[in-house]
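> Here's the letter readout for the chains.
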Amino acid sequence: MDAVIQLLVNGALMGCIYALITLGLSLIFGVMNIVNFAHGDLVMISMYMAFWMGSYMGLDASLTPLITFPMLFLLGIGIYYALIDRTLRQKYVTQIAVTVGLMTFLRAVAQLAWKAQPRSLPYSLISGNFQIGSATIMTSRLISALVSVLVIVLVALFLSRTWPGRAIRAVSDDLDASSLVGVNQKATYALAFGLGSALTAIAGGMLMTFQQVDPTMGLRFGLLSWCVLALTGLGSISGLLISGIIVGCAEALAMGFWDPRARLLVVYLIFILVLWLRPRGVFGRK
Amino acid sequence: MKNLRIVSLLFLILLVLILPFFFRSNQYGMILLTTILLYGVLATAWNIIGGMAGQLDLAAGAYLGLGAFTTGTLLLRFNLTPWIGIFVGGLVAVLFAILVGLPLFRFKVKEVWYALSSSALVEVLRIAFIMWEKIGGPVERYLPNYGSALYMRFSSYIPYYYIMVILLFASLFVNYWISRSKLGYYLIALGDDEDAAEVLGVNVRSSKLKALVIYAFIVGLTGGVYACIYGFIHPNFFSSPLSTEVAILGIVGGMGITYGPLVGAVLLVSMRELLRANLGGQLESLYLVIYSVVLILIVLFRPRGITTLLQDTFNKLFSRWVRNNHAE
Amino acid sequence: MQNNFILQVENITKKFGNLVAVNNVSLNVVQGEIVGLIGPNGAGKTTLFNVISGLFPPERGRVIFKGKDVTRVVPHVICKMGMSRTFQVTRAFASMSVEDAIRVGAYNRHTNKETLEIVNEVIQFCDLGKLRRRKCADLGLAALRRVELARALATEPDLLLLDEAGAGLNPSELGNLMDILKEVNREKGITLFVVEHVMQMVMGLCQRIFVLDAGELIATGAPEEISQNPRVIEAYLGKRAIR
Chain X
1 MDAVIQLLVN GALMGCIYAL ITLGLSLIFG VMNIVNFAHG DLVMISMYMA FWMGSYMGLD
61 ASLTPLITFP MLFLLGIGIY YALIDRTLRQ KYVTQIAVTV GLMTFLRAVA QLAWKAQPRS
121 LPYSLISGNF QIGSATIMTS RLISALVSVL VIVLVALFLS RTWPGRAIRA VSDDLDASSL
181 VGVNQKATYA LAFGLGSALT AIAGGMLMTF QQVDPTMGLR FGLLSWCVLA LTGLGSISGL
241 LISGIIVGCA EALAMGFWDP RARLLVVYLI FILVLWLRPR GVFGRK
Chain G
1 MKNLRIVSLL FLILLVLILP FFFRSNQYGM ILLTTILLYG VLATAWNIIG GMAGQLDLAA
61 GAYLGLGAFT TGTLLLRFNL TPWIGIFVGG LVAVLFAILV GLPLFRFKVK EVWYALSSSA
121 LVEVLRIAFI MWEKIGGPVE RYLPNYGSAL YMRFSSYIPY YYIMVILLFA SLFVNYWISR
181 SKLGYYLIAL GDDEDAAEVL GVNVRSSKLK ALVIYAFIVG LTGGVYACIY GFIHPNFFSS
241 PLSTEVAILG IVGGMGITYG PLVGAVLLVS MRELLRANLG GQLESLYLVI YSVVLILIVL
301 FRPRGITTLL QDTFNKLFSR WVRNNHAE
Chain L
1 MQNNFILQVE NITKKFGNLV AVNNVSLNVV QGEIVGLIGP NGAGKTTLFN VISGLFPPER
61 GRVIFKGKDV TRVVPHVICK MGMSRTFQVT RAFASMSVED AIRVGAYNRH TNKETLEIVN
121 EVIQFCDLGK LRRRKCADLG LAALRRVELA RALATEPDLL LLDEAGAGLN PSELGNLMDI
181 LKEVNREKGI TLFVVEHVMQ MVMGLCQRIF VLDAGELIAT GAPEEISQNP RVIEAYLGKR
241 AIR
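Residue numbers (the numbering used here), protein chains in the order written: chain X, 1 to 286; chain G, 1 to 328; chain L, 1 to 243.
Some hints here could point you the wrong way.
[Claimed, not checked] Straight-line alpha carbon distances no greater than 20 Å define the calculated PhoX-like cross-link-like pairs of lysine-lysine that follow: (1) Lys210/G - Lys110/G; (2) Lys182/L - Lys80/L; (3) Lys182/G - Lys91/X; (4) Lys113/L - Lys182/G; (5) Lys91/X - Lys110/G.
[What the hints assert, rightly or not] What follows is a list of derived Cβ distance ranges for each label pair: (6) Ala187/X - Trp177/G: 12 to 20 Å; (7) Ser206/G - Pro122/X: 52 to 60 Å; (8) Ala187/X - Lys66/L: 32 to 40 Å; (9) Leu12/G - Leu59/X: 18 to 26 Å; (10) Lys66/L - Trp177/G: 47 to 55 Å.
Hints are computed from structural coordinates only; laboratory data are not their basis.
Beta carbons: idealized from backbone N, C-alpha and C, even for Gly.
Extracted from the complex, chain X is given alone in its bound form (with noise of 0.2 Å):
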């Protein structure tokens, strides 16, 4: 039983960061209806520059978003601007292409930068554990659990209380009745994909705290944020925790009571399952 308690509070904690990393994709994929495919590879670019940052200029880990958030934001509108904007108007086997091109780009460069071998920072200001009841919770993780939550909190009020995140849920919603009011849509589409891109740097140097990178770890954050946005739907941000929680005790679970290599295994069934069943997401509102 203990065991069990102490995996589910290692999935949930997990879980919150899959949630995080998903409202990136699922910005971008509800407000333009485009899957990123290189939405993983961008977490793990943010791990890198998180891993770079710390090595060389000795910034702790849990601080390199402040500098990767911008970063990572720029670098969104600038893949907005040179390549989805581009492809907008064409049929949607073109953008998956494009982003295909991306993923293999990014995982290219991150190869070609840091080699393939694993990389990890040796400690962070918020490593350590304590003990509540029985289980061990690593503080890293618990601060990365909370960090992402607040995130959400902040991302889910940006877009109901400020004009430019009204634009983008108006966006989302009905993009002809969006330009009827004034909302400018290219501008719109680039923030998106912008502040997308951007939540993936907070993820990334949050999971640098405790945890490796590789340059193929891109492929398995977009499988997971996929599985993440299936489970949820569009729309619903306390969804998208939830779903994120679901998925992370899963693979805890498959991880400790089958075989540490089944983890994604089951992400992905869980994935294949919802896609056929609910196609719309269990959460959603589309």
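Chains G and L: place on chain X using the hints.
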């Protein structure tokens, strides 16, 4: 115009057949040619589900791996020659395709979601085969009988090259044949608009399934040969990068054009391999950086495929040639 | 069949979430006639068509085609039974040529060799000879509507549902289309069921008209009766009548 086409087609066939004689002593050249043809076969088969039916399938690696593992395991366990094994491999791939396709098409999983779920499928199989130690497992399983033609274990690449040539022409022919049959018309129609196709009497579900099955069979068959070429089987044959690349080659080459994906494969895979050969050493991933940039540029500026660019150029040159001849 | 109804719609109700798009609608179409379905925007006309052609299963009610219950039958089977349709927003097969698109329909009842003949016949009938090798993606609205009609005719239906075939056409194109439709009805004996916004077309074409408002059937009758029915005027022709 029609004669010219037939002549150029015959010329191409001849070229493909005699090409190995230029590379006879050049092992690297033969590997390169065989690799190009391998991707050519996969991308041409992909054209049926991806190009014609418009379903962005990213699971080529799944069918390839199943074919490879079936062929390899039959050889390892029962000493069954791959000449038969590859066909069993193709059938196993078909069976899996039906198992996957039935619910997918039943629940109308399409577009992005089809792409994503097929992509996840490859990873599911890869991990499952790593865990399934009886058949797969994390270490390579080497195939016996090296050097025996009876077991398709040639010591030279030339026979493999010709096997790939046969597979290529077979899949080109299948493509051509489908494109002129009822199924082809139905696939292109449903790829454009499923509801509109459905009310015209198109059984969308069964047409998609047929396309998936034919594609899976060719890829499964190729997978068996793939195992023999490599001389071992390993769960990494269920490769996501390979799967996405096959789709990208099809898109970049020109979806729905019979020989489009082949053109894409020939141009891009040879470019990739030449880059790899010349930029190897310390900058081992530079070739991938350049390769992916080229891919993106083609998709951005020629979304209908690089083949359409070649067709346009050819037509321009041809019409100029005709004009000049008339002027004389 | 003791009656000569080709299509019977019985108590159809279709909801989208809480929105009742079609509410308890019943109507009959007689073999060989041209009937119209009119109503203001959002009245549920297209939804009713989608239910009849099998694209949306209804919550309640039955659709009976040629005496057989087809309520939950998939569209391609319904098409084999002899019903086809066109779409409100033209949904051409963008990557196909005109003749290929029509051929898709022709395969409904014919083998590879025979389709060529059918395609030629339909192309001539719909006057698409000049456009036959053009890509659907390159065509204008009027031509697309004709292609859509041709494609449906090639399936050789007994009942053809036309969803706003006249929308967006200029008067001469409209007249052209009406001539073709009358010929379709007279020469091929195909029953036509048209959803229409363009009053000129409905009044000139249909023998009987159903009026739908907010998901409910509010009137049935000959064109002259309909145009004088106070409920219809209130719901639909209001502005026009005042003017």
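> State for each hint whether it applies.
Hints and how they fare:
{"no.": "1", "hint": "Lys210/G - Lys110/G", "in the structure": "16 Å, holds"}
{"no.": "2", "hint": "Lys182/L - Lys80/L", "in the structure": "23 Å, violated"}
{"no.": "3", "hint": "Lys182/G - Lys91/X", "in the structure": "24 Å, violated"}
{"no.": "4", "hint": "Lys113/L - Lys182/G", "in the structure": "10 Å, holds"}
{"no.": "5", "hint": "Lys91/X - Lys110/G", "in the structure": "13 Å, holds"}
{"no.": "6", "hint": "Ala187/X - Trp177/G: 12 to 20 Å", "in the structure": "50 Å, violated"}
{"no.": "7", "hint": "Ser206/G - Pro122/X: 52 to 60 Å", "in the structure": "58 Å, holds"}
{"no.": "8", "hint": "Ala187/X - Lys66/L: 32 to 40 Å", "in the structure": "55 Å, violated"}
{"no.": "9", "hint": "Leu12/G - Leu59/X: 18 to 26 Å", "in the structure": "59 Å, violated"}
{"no.": "10", "hint": "Lys66/L - Trp177/G: 47 to 55 Å", "in the structure": "36 Å, violated"}
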